[in-house]
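Taken in order, these protein sequences are the chains called A and B. Residues in the first sequence are numbered from 2 upward in steps of one, following the numbering used here. Residues in the second sequence are numbered from 2 upward in steps of one, following the numbering used here.
The set of hints was computed from the structure by calculation and includes no laboratory data. Please note: incorrect hints may appear among the correct ones.
With a straight-line cut-off of 25 Å between C-alpha atoms, the simulated PhoX-like cross-links for lysine-lysine are [to be verified]: (1) A:Lys82 to B:Lys82; (2) B:Lys45 to B:Lys170; (3) B:Lys173 to A:Lys94; (4) A:Lys45 to B:Lys8; (5) B:Lys82 to A:Lys14; (6) B:Lys22 to A:Lys82; (7) B:Lys34 to A:Lys34; (8) B:Lys45 to A:Lys82; (9) A:Lys45 to A:Lys187; (10) A:Lys22 to B:Lys45; (11) A:Lys112 to A:Lys22; (12) A:Lys112 to B:Lys14; (13) A:Lys14 to B:Lys112; (14) B:Lys8 to A:Lys34; (15) B:Lys173 to B:Lys44; (16) B:Lys8 to B:Lys34; (17) B:Lys170 to A:Lys14; (18) B:Lys170 to A:Lys82; (19) B:Lys8 to A:Lys112; (20) B:Lys22 to A:Lys112; (21) A:Lys173 to A:Lys14; (22) A:Lys170 to A:Lys45; (23) B:Lys104 to A:Lys104; (24) A:Lys22 to B:Lys173; (25) B:Lys170 to A:Lys94; (26) A:Lys44 to B:Lys34; (27) B:Lys34 to A:Lys104; (28) B:Lys112 to A:Lys94; (29) A:Lys112 to B:Lys34; (30) B:Lys44 to A:Lys34; (31) B:Lys170 to A:Lys8; (32) B:Lys44 to A:Lys94; (33) B:Lys45 to A:Lys34; (34) B:Lys192 to A:Lys104; (35) B:Lys173 to A:Lys82; (36) B:Lys8 to A:Lys22.
Single-letter residue listing:
Number of protein chains: 2
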Amino acid sequence: MKLLEEKILSEGKVLPGSIIKVDGFLNHRVDTKFLNLVADQFKKYFDVGNITAVLTAEASGIPVATICAHNYGVPLIFAKKAKSDNIENGLYKSEVFSYTYRKTVTLILSKEWLGPNDRVLIIDDFMANGNAVHGLLDIVNQAGASLEGIGIVIEKGFQGGGDKFREMKGVKYRALAVIDSIDGQKMTFRKFDE
Amino acid sequence: MKLLEEKILSEGKVLPGSIIKVDGFLNHRVDTKFLNLVADQFKKYFDVGNITAVLTAEASGIPVATICAHNYGVPLIFAKKAKSDNIENGLYKSEVFSYTYRKTVTLILSKEWLGPNDRVLIIDDFMANGNAVHGLLDIVNQAGASLEGIGIVIEKGFQGGGDKFREMKGVKYRALAVIDSIDGQKMTFRKFDE
Numbered sequence: 002m003k004l005l006e007e008k009i010l011s012e013g014k015v016l017p018g019s020i021i022k023v024d025g026f027l028n029h030r031v032d033t034k035f036l037n038l039v040a041d042q043f044k045k046y047f048d049v050g051n052i053t054a055v056l057t058a059e060a061s062g063i064p065v066a067t068i069c070a071h072n073y074g075v076p077l078i079f080a081k082k083a084k085s086d087n088i089e090n091g092l093y094k095s096e097v098f099s100y101t102y103r104k105t106v107t108l109i110l111s112k113e114w115l116g117p118n119d120r121v122l123i124i125d126d127f128m129a130n131g132n133a134v135h136g137l138l139d140i141v142n143q144a145g146a147s148l149e150g151i152g153i154v155i156e157k158g159f160q161g162g163g164d165k166f167r168e169m170k171g172v173k174y175r176a177l178a179v180i181d182s183i184d185g186q187k188m189t190f191r192k193f194d195e
Numbered sequence: 002m003k004l005l006e007e008k009i010l011s012e013g014k015v016l017p018g019s020i021i022k023v024d025g026f027l028n029h030r031v032d033t034k035f036l037n038l039v040a041d042q043f044k045k046y047f048d049v050g051n052i053t054a055v056l057t058a059e060a061s062g063i064p065v066a067t068i069c070a071h072n073y074g075v076p077l078i079f080a081k082k083a084k085s086d087n088i089e090n091g092l093y094k095s096e097v098f099s100y101t102y103r104k105t106v107t108l109i110l111s112k113e114w115l116g117p118n119d120r121v122l123i124i125d126d127f128m129a130n131g132n133a134v135h136g137l138l139d140i141v142n143q144a145g146a147s148l149e150g151i152g153i154v155i156e157k158g159f160q161g162g163g164d165k166f167r168e169m170k171g172v173k174y175r176a177l178a179v180i181d182s183i184d185g186q187k188m189t190f191r192k193f194d195e
């Protein structure tokens, strides 16, 4: 997505540890108008008329996934990081290692909110090594739900997570911008057909 | 908001510790269509044409605040709970005690994203004792920004947080449903003019 690449180049910064900071439009101060364009772009790749929910993980994926769900007219479901005792009944659980926080967290989702009749689109803001999305996929499988696809706003291609999903049979995976290398503040994007 | 009260009564549950569980439409599985009506209702109380951002706190306030920001055509800003080392530069910080998690957390917001020229509407899903919103108000003051008001979806009136804001001079505070007492599974709502 050309406009997204331009926005990453003009507003993004590279921090030590190959961390790409785009929190001025994606995940701290959130440009809701721009995220409409992101939602429109995902619509080109996924059959959003045929999904029952958008699924993401707490916390930074929630804004973009909320706008996608809102614009597609379906509920947003977000997996929580285990810590609250507010969730009764059965839970789907998946342990994932968080790259950002450098520790293992357990994603949880109440069994009440996802089941075999659901068809979900997973949306997240970032793909690094793919652990969070693997956890979400694990939860979709536990629920017996079906997957429409996985849509990522920014993929850090050099960390390999996205390519693992591209190789998975029967999984539609699209990232709107793939950063294949970082050299100082210089980012190089992977070229592909939109 | 009559429709909200009906939804709380028909879909909500009371858990031990006076916890009101409405995670089927507000903060786990999120009913994006219903939240449009919530955003419309806040519009009756606040001059949303005159704000520069909607502000909330991670994580459960993000869906409703995102839909409000989206529908009002302004950015969403969410304060994070301190834990990531992804945030460089200066930060606004406010320590708050979380009722849900029974511990003190530090809300942080990068100084880049809020300043004296901003006029913000604070939106959150729940008001219990009001600590999280006090933290957000503290951050608004640190930034020198001005406050349009505070909009809460569900207030637990018996915990007193909302009344503290109602008594504050110069602060517009509105909750769309105020639960004044809980007896078993029976909830009693405060009556007020819409």
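Hints, verified against the model:
1. A:Lys82 to B:Lys82: holds, 13 Å
2. B:Lys45 to B:Lys170: Holds - the C-alpha atoms of Lys170 (chain B) and Lys45 (chain B) are around 20 Å apart, at most 25 Å.
3. B:Lys173 to A:Lys94: The given pair, whose Cα atoms are some 41 Å apart, is violated under the 25 Å limit.
4. A:Lys45 to B:Lys8: At roughly 34 Å apart (the allowed maximum being 25 Å), Lys8 (chain B) and Lys45 (chain A) break the hint.
5. B:Lys82 to A:Lys14: holds, 21 Å
6. B:Lys22 to A:Lys82: holds, 17 Å
7. B:Lys34 to A:Lys34: Status holds; Cα separation ~18 Å.
8. B:Lys45 to A:Lys82: The given pair, whose Cα atoms are some 35 Å apart, is violated under the 25 Å limit.
9. A:Lys45 to A:Lys187: violated, 29 Å
10. A:Lys22 to B:Lys45: violated, 36 Å
11. A:Lys112 to A:Lys22: Cα-Cα ~34 Å, so violated.
12. A:Lys112 to B:Lys14: Given pair Lys112 (chain A), Lys14 (chain B) holds - Cα atoms ~16 Å apart, limit 25 Å.
13. A:Lys14 to B:Lys112: This hinted pair holds, its Cα atoms lying about 16 Å apart.
14. B:Lys8 to A:Lys34: violated, 30 Å
15. B:Lys173 to B:Lys44: holds, 13 Å
16. B:Lys8 to B:Lys34: holds, 13 Å
17. B:Lys170 to A:Lys14: Given that 25 Å is the threshold and the Cα spacing comes to 41 Å, the pair is violated.
18. B:Lys170 to A:Lys82: violated, 38 Å
19. B:Lys8 to A:Lys112: Measuring from Cα to Cα gives roughly 20 Å; hence the hint holds.
20. B:Lys22 to A:Lys112: OK: Lys22 (chain B) and Lys112 (chain A) at ~15 Å, within 25 Å.
21. A:Lys173 to A:Lys14: violated, 29 Å
22. A:Lys170 to A:Lys45: The given pair, whose Cα atoms are some 20 Å apart, holds under the 25 Å limit.
23. B:Lys104 to A:Lys104: Holds. Lys104 (chain B) to Lys104 (chain A) sits at ~20 Å (cutoff 25 Å).
24. A:Lys22 to B:Lys173: At roughly 34 Å apart (the allowed maximum being 25 Å), Lys173 (chain B) and Lys22 (chain A) break the hint.
25. B:Lys170 to A:Lys94: The hint is violated at about 46 Å.
26. A:Lys44 to B:Lys34: holds, 19 Å
27. B:Lys34 to A:Lys104: violated, 35 Å
28. B:Lys112 to A:Lys94: violated, 36 Å
29. A:Lys112 to B:Lys34: holds, 22 Å
30. B:Lys44 to A:Lys34: Since the Cα atoms of Lys44 (chain B) and Lys34 (chain A) sit roughly 19 Å apart, the hinted pair holds (cutoff 25 Å).
31. B:Lys170 to A:Lys8: At roughly 41 Å apart (the allowed maximum being 25 Å), Lys8 (chain A) and Lys170 (chain B) break the hint.
32. B:Lys44 to A:Lys94: Between Lys44 (chain B) and Lys94 (chain A) the Cα gap is close to 38 Å, so the pair fails against 25 Å, i.e. violated.
33. B:Lys45 to A:Lys34: Distance of about 22 Å is within 25 Å: holds.
34. B:Lys192 to A:Lys104: This hinted pair is violated, its Cα atoms lying about 47 Å apart.
35. B:Lys173 to A:Lys82: violated, 33 Å
36. B:Lys8 to A:Lys22: violated, 39 Å
The structure does not agree with the numbered hints 3, 4, 8, 9, 10, 11, 14, 17, 18, 21, 24, 25, 27, 28, 31, 32, 34, 35, 36 stated previously, though it agrees with the rest.
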